[in-house]
Structures are given as structure tokens and as C-alpha cells.
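Engineer: In the order they appear, the protein sequences are chains A and B. Residue numbers in the first sequence follow this note's numbering, run continuously in steps of one, and reach 118 at the last position. Residue numbers in the second sequence follow this note's numbering, run continuously in steps of one, and reach 1212 at the last position.
Calculated directly from the structure, the hints in this document are not laboratory data. Take these hints with a grain of salt, some might be off.
[Claimed, not checked] So the derived label-pair ranges between C-beta atoms look like this:
1) A/16 - B/1135: 44 to 52 Å
2) A/19 - B/1122: 19 to 27 Å
3) B/1113 - A/89: 36 to 44 Å
[Claimed, not checked] Where chain A lies over chain B, by a calculated footprint (3+ residues, C-beta under 8 Å):
4) 1129 to 1138
5) 1202 to 1209
[What the hints assert, rightly or not] Chain A is nowhere near these chain B residues, computed Cβ spacing over 10 Å in every case:
6) 1111
7) 1114
8) 1149
9) 1153
10) 1154
11) 1155
12) 1174
13) 1198
Ideal Cβ positions, reconstructed from N, Cα and C, are used throughout, including at glycine.
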Amino acid sequence: EPEVTQTPSHQVTQMGQEVILRCVPISNHLYFYWYRQILGQKVEFLVSFYNNEISEKSEIFDDQFSVERPDGSNFTLKIRSTKLEDSAMYFCASRPELVGNTIYFGEGSWLTVV
Amino acid sequence: DQQVKQNSPSLSVQEGRISILNCDYTNSMFDYFLWYKKYPAEGPTFLISISSIKDKNEDGRFTVFLNKSAKHLSLHIVPSQPGDSAVYFCAASHNAGGTSYGKLTFGQGTILTVHP
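Same shape as in the complex, but just chain A (with noise of 0.2 Å):
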């Protein structure tokens, strides 16, 4: 069953320092999402992504974070200057154009700000 991958699995930084976290959606998908969990709290959407721009954002989504498609295959979360408060588990998502609502995860990737 295809399945979206996301790397890498864990990755800790120190404080303002750039991350990027990669994904590959599902092949025949063309909408693609990122979600975050800090520990303990609710899964929650940042982004979402279409025909090369962000189609949505959330306010969490600010200037430090961007998203990026740079190949067919490639879908990257970059969060410029991290922050203590970034630590949280970040999944990437994907959808097939015309199909409801339904999105597939990825496994997330876990990253610890130090």
C-alpha cells in the first residue's frame, strides 16, 4: 500500500538553527499538508499546499516556517530559526485531488529544539 515517507524520523537542534524536515507524498496525490502535535496536545494543522503554493495556513504558520516542492516527489517543511516552543512532532500529509476529505500521514518526524 503506498504510503507517504517522511525524513528524518528524529532530529534534535540547538536553538536558532535551520531545520528541514522532507517528505514524499503518496505518488498520484497533488494536496499536500503539514500537521504538528507538541507532547500532549491535539494534532494540529499548519499548512496546506497545491499546484506549487500554499493554498492555507494557519496563524501558527508564520514567517519562520515555509513550504517548498522543489521536484516532483519532495515536499519540505523549513523552519528558519527554531524555537524552544518548535519541539513537537511534525507529519506530512497527502490527499488525491477530488477525494473528500480523507488525508494520509505520514509517520512524523520528531524534532527536539535544545
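Here the structure of chain A is known, so what remains is to put chain B in place on it, guided by the hints.
Structural biologist: Only chain B this time, still in chain A's reference frame:
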């Protein structure tokens, strides 16, 4: 943000019995609801969904019921199996247009433990 609430942090059930997980929402614009299951260190896995035009959707051992007037949905698992032990998340969406699909608001999750 309390638009989607799962008031029971945990539920313990005997194998073979029914598990009922509950979810309440406050945003009347939500028109599509999903349940996801999550194991530790894994991403959420889609289980079942329901559109607001229906009040019930069934898939094997899983049934979701939607009560729009009460803004309440529930997930029934019958019979429960030890492998069902996981965190279950309720999620909701408002279909304002194509690009809003997939923007989900999650509940805080319920830990289900099914004892052999």
C-alpha cells in the same frame, strides 16, 4: 481551540465487547468528520469518515454515528480486539472549497485499551 472535544481521555474495554468513543464539536460549519487511529511513534491512520448528510457509516467492525442536532459523533468498534488498543482521534472539516479539503481540526484523542 476547543472546536472538537473528546471528553474521555481513556477507555478500557474487554476483548470481544463494544468500544464506544465519543466526540463533540461546536462549529456548526463542520460538514465532514473522520476518525483516525494512532500508535506511538507513528502517524495517524485513517479509519472511517462520515459526511454531514448521513447519520451513520459502517465499515466492518467500525461504525460512526453522527447526531447533527447534538453536534456529537461516536465511533463504535464491535467486537473490540487487543490490536485496537491505540489513541483514537476525532477530526472535523468544513468544505468551503477544494483547497479547504484536508484542513482538519482534531480532538485531543482517547486512549483505548482492549484487554484480552
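Engineer: Which of the numbered hints above does this structure break?
Structural biologist: Result: hints 1, 2, 13 break, sorted rising.
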